[in-house]
Amino acid sequence: MRNSPVGLLNIYAVGFVALLYGPLVLLVLFSFNNSIYVAFPLKGATFRWYAALFDYPGLLSALWNSIRVAIPVSIVCTALGLLAAKALTGTRLPGRKPIIGLIMVPLVVPFIILGIALLTMVRKTFDLPLSLWTVGASHLLVCLPFSVLVLLSRFEGFDRSLEEASLDLGESAWMTFWRVTFPLVLPGVVSSLLLSFTASFDEFLLAFFLSGDKPTLPIYIWSQLRFPQKLPGVLALGSCIFAFSFTLVVLAERFRRRGTPGQRSTL
Amino acid sequence: MTSTAERASNGERTAVGSWRGGRAAWLSHGRLRGYLLLAPTLLVVLILLVLPVFDLLRTSFCTQVYLKIDCSFTLANYGAIFEPNGAFGSLFGFIPYPHLQTPIYAVLLARSIGVALLATIAVILLAYPMAYFLAFRLVRNRIRWIVLITVPFWTSYLLRVFAWKIILGYGGLINSGLVTAGIIPEPLELLLYNPFAVIIVLAHSWLAFAVLPIYVSLDKIDRSLLEAATDLGDTKLQRFLRITLPLSMPGVLSASLLVFIPTVGDYITPSLVGGSSGMMLGSVIQSLFGQANNQPLGAAVSVTMMAIVTLLVCIFLKLVGTKTPAAVT
Chain A
317 MRNSPVGLLN
327 IYAVGFVALL
337 YGPLVLLVLF
347 SFNNSIYVAF
357 PLKGATFRWY
367 AALFDYPGLL
377 SALWNSIRVA
387 IPVSIVCTAL
397 GLLAAKALTG
407 TRLPGRKPII
417 GLIMVPLVVP
427 FIILGIALLT
437 MVRKTFDLPL
447 SLWTVGASHL
457 LVCLPFSVLV
467 LLSRFEGFDR
477 SLEEASLDLG
487 ESAWMTFWRV
497 TFPLVLPGVV
507 SSLLLSFTAS
517 FDEFLLAFFL
527 SGDKPTLPIY
537 IWSQLRFPQK
547 LPGVLALGSC
557 IFAFSFTLVV
567 LAERFRRRGT
577 PGQRSTL
Chain B
29 MTSTAERASN
39 GERTAVGSWR
49 GGRAAWLSHG
59 RLRGYLLLAP
69 TLLVVLILLV
79 LPVFDLLRTS
89 FCTQVYLKID
99 CSFTLANYGA
109 IFEPNGAFGS
119 LFGFIPYPHL
129 QTPIYAVLLA
139 RSIGVALLAT
149 IAVILLAYPM
159 AYFLAFRLVR
169 NRIRWIVLIT
179 VPFWTSYLLR
189 VFAWKIILGY
199 GGLINSGLVT
209 AGIIPEPLEL
219 LLYNPFAVII
229 VLAHSWLAFA
239 VLPIYVSLDK
249 IDRSLLEAAT
259 DLGDTKLQRF
269 LRITLPLSMP
279 GVLSASLLVF
289 IPTVGDYITP
299 SLVGGSSGMM
309 LGSVIQSLFG
319 QANNQPLGAA
329 VSVTMMAIVT
339 LLVCIFLKLV
349 GTKTPAAVT
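Sequence lines, in order, name chains A and B.
Residue numbering for the first sequence is 317 to 583, as defined by this note's numbering.
Residue numbering for the second sequence is 29 to 357, as defined by this note's numbering.
It should be emphasised that the hints constitute simulated quantities derived from the structure, not laboratory data.
Each hint should be verified, as a subset may be incorrect.
Only pairs whose alpha carbons sit at most 30 Å apart, straight line, appear in this in silico DSS-like list of lysine-lysine [said to hold, decoys possible]:
| hint | chain 1 | residue 1 | chain 2 | residue 2 |
| --- | --- | --- | --- | --- |
| 1 | A | K413 | B | K346 |
| 2 | A | K546 | A | K359 |
| 3 | A | K530 | B | K346 |
What follows is a list of derived Cβ distance ranges for each label pair [stated by the list, open to error]:
| hint | chain 1 | residue 1 | chain 2 | residue 2 | range |
| --- | --- | --- | --- | --- | --- |
| 4 | B | C342 | A | L376 | 41 to 51 Å |
| 5 | A | Y337 | B | T91 | 46 to 56 Å |
| 6 | A | Y353 | B | Y106 | 46 to 56 Å |
| 7 | B | Y106 | A | F442 | 18 to 28 Å |
| 8 | B | I343 | A | M420 | 13 to 23 Å |
| 9 | B | Y106 | A | V566 | 44 to 54 Å |
| 10 | B | E111 | A | V566 | 43 to 53 Å |
Cβ atoms here follow ideal geometry from the backbone N, Cα and C, with glycine treated the same way.
Could you build all of it, start to finish, from the sequences and the hints given here?
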């Protein structure tokens, strides 16, 4: 290192991470605070807000709704991402860039536009009822860019000659895929499953427009924000969700980088 | 693993000839195969993105009469956006403004763009040094740092914004902390429910997202260019301004766009911490599709927002595009 180990920039970096995590840490801290008011000074530690969650009507069914959406979304999304990533790396396709661009569009369009556009199509044009299916469809659209990005970088990261060797040794394209390609991209597949599950599980706005009378967990939290006396319970619930998402994402990142020690992150 | 591979290759060696022929045909249709593999994904994007957006565009030319939507072509909704139909006590929430009739949607659009712009600038200014630290100062544990910075982005956006609400609120953490510490006698009201709160929370929420693109472009910079600059007598600041900054502009640009475009239409943050003076266009769109129930007008507002944002982005890219090469040489 050219500069002194404790430079201004190092202090900045630590401060940056503290700023990034500050609000989350406070939220978790106050979920253990023994007071109905979320305010200083702290009144001692308690688990009662966590225990109280079991008495919240509708919480479990909302949780179940979220899981029922997130699992199929992550599987379908990863399967589609796998096919797309394979196609986009295997051959020099004309129109590769515009196709990738099109798949990435949901990353930059405000979710409210995606939400109302889907709502208009589902309700007005096709006159279908809103359900967890419509929520799942919207989540599929917004999870696809992540799956494709993760899997594309995984496909680009491994040695093409392994596949060629397999084909030259007489393996069929299908068996080459399962025997050579799939094991090599498997960490990316697991990472994509975990990331799209988390993205769907935590998504609020699209579900807000498209869930009808079947609330997902974020919708449930939104509906509880109106009641001040339920605030500590919401903090406890939020802390649980944070812990859950954190675990999944850290696992996903570990899988994503497995077997590629030198590779640098390009999200 | 090896045994199964051997067994398979032995078993298939007899069939090599026929496989070869099939494979040649298969590979010659590599492009066709590529498009076939892409077909399901593109179909999903077509049905869930392209069709709905066209549907929204079409709806914006309709008229709603109570619950019925009449789709004979009209531009009335677009006219309504720029028609003076409301009164503001202040512009952007803090510039005093006489209570005149103003085009409420156009003013909210301008405010949304202004808020998003300020939030984006704050994000870039805060994220750049962090990305610089990752690319140039860190030697070990780089991936750990990147994971540490990325993880919050994946966690619930709703909860992250909500955390700010309990921090900034009247009876919230900052106020109660300052009152308890005896620094202020009474809680401050100006922390929450104004455009500044929206900007702070938006900047914080998107911070994690902006570091990576900037880091990637900084990381790509050829270190020998920096050495050459030093050898030729550039100071550290000159070196940064003449080499590092121009070469990292692609990352800065993509980070700005990735933050700016979604924040213009944000709904959660202005709803939770904006109050009436920090209200943005997203809330209006939501209410036009909800309580106010005027879907064609809501569609027109959304289309106008996207059109103006796209226009701004194009102008921005054009401006930067002509400047960057000059800066490099």
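Each hint, compared with the structure:
no. : hint                          : in the structure
1   : A/K413 <-> B/K346             : holds (20 Å)
2   : A/K546 <-> A/K359             : holds (17 Å)
3   : A/K530 <-> B/K346             : violated (46 Å)
4   : B/C342 <-> A/L376: 41 to 51 Å : holds (49 Å)
5   : A/Y337 <-> B/T91: 46 to 56 Å  : holds (50 Å)
6   : A/Y353 <-> B/Y106: 46 to 56 Å : holds (48 Å)
7   : B/Y106 <-> A/F442: 18 to 28 Å : holds (26 Å)
8   : B/I343 <-> A/M420: 13 to 23 Å : holds (22 Å)
9   : B/Y106 <-> A/V566: 44 to 54 Å : holds (48 Å)
10  : B/E111 <-> A/V566: 43 to 53 Å : holds (52 Å)
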